[in-house]
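Q: Those letters in the sequence shown? Residues -18 to -1, 1 to 249, per mature numbering (1 follows the signal peptide of the UniProt record, and there is no 0), in order.
Be a bit skeptical, because a hint or two may be false.
[What the hints assert, rightly or not] Here are the in silico distance ranges between beta carbons for each label pair: (1) Thr243 with Thr129: 26 to 32 Å; (2) Pro103 with Gln65: 22 to 28 Å; (3) Gln53 with Gln166: 29 to 35 Å; (4) Glu47 with Gly163: 19 to 25 Å; (5) Ser70 with His196: 38 to 44 Å; (6) Ser128 with Thr67: 34 to 40 Å; (7) Glu47 with Gln166: 33 to 39 Å; (8) Pro103 with Ser162: 20 to 26 Å; (9) Ser162 with Leu183: 39 to 45 Å; (10) Thr243 with Lys209: 30 to 36 Å; (11) His196 with Gln69: 32 to 38 Å.
These aren't lab readings, by the way, just hints derived from the structure by calculation.
Cβ atoms here follow ideal geometry from the backbone N, Cα and C, with glycine treated the same way.
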Amino acid sequence: MKAVALIALTCLALTACGGGDDNSSPAASGGSGTTNNGGSGGTGGTPTTGTSDGNSGSPTASNVECDPVYQQGDTVQLHMYTQATAQSPAVDNGVYTRTFAPATFEGVALTQQAETTTGSPIQTNHYYLVGNGVRTNYGGEVYSGSTLALRDVNSPPYVETIGLTGSETVNYVDTPVFPSGGAQTSVSIQRTYVARETVSLRNGKVFANACHYHTTETFTNPALTSKTIADDWLAPGVGMVKSIADVGGTQIITRELESATVGGKSY
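With the hints as constraints, model all of the structure from the sequences given.
A: What follows is the structure, encoded as structure tokens:
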């Protein structure tokens, strides 16, 4: 879901969404993107976790295999399509690439997930830290060429469980630090594991036993309140292979894996 959240932020910063790239969109990490879940703001970002009510598809399966920790040298390419409604024809928005590398963000040593599209000057960076079975998300930034267009931080840095098997909820505040003076946005995310499923993509790729997650993400600031509802499928060893997100009832964004190299293995 972080992916979708950053798409929205990119649109606000550059006033240019719906065109070529999803250069924003964390995802998840793989799931989420974007999603990334922690507890209420007062709890420092620790997830509030519910009971496990999903069908694992296999009594011995671990969902951790669906949510790999990407390393420097890994690459993920996702094909994005947009629609005004579920009945509208899909518009091909092209392929964007995610790469991963060590970086420093707001003085903290983290992993940078960079998203770029061939022919576009926009690069979206998402910063997170992996440890103790969780992914902690610190914030992101958008560059146009070499010029910083947007930087925002999460307060507190919000946490998502890697390989979630039940449900969890997070509340945090997204604060723009560049440009200064921007409105803070309160974000609430609910993420639930649904089941293990087989996913077929437009390009003919098929992934068996993928972890299906359902996420509801609500954004509130003085200018607007918006809700994004998404279904994400994360395949073992790969991470996110498909995502369908309804953004505020005004646009449907579908992302599908074009190709990936993870841990030296190609998909």
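Q: Name the hints, by number, that the structure is in violation of.
A: Going through the list in order, the structure violates hints 4, 5 and 11 and respects the others.
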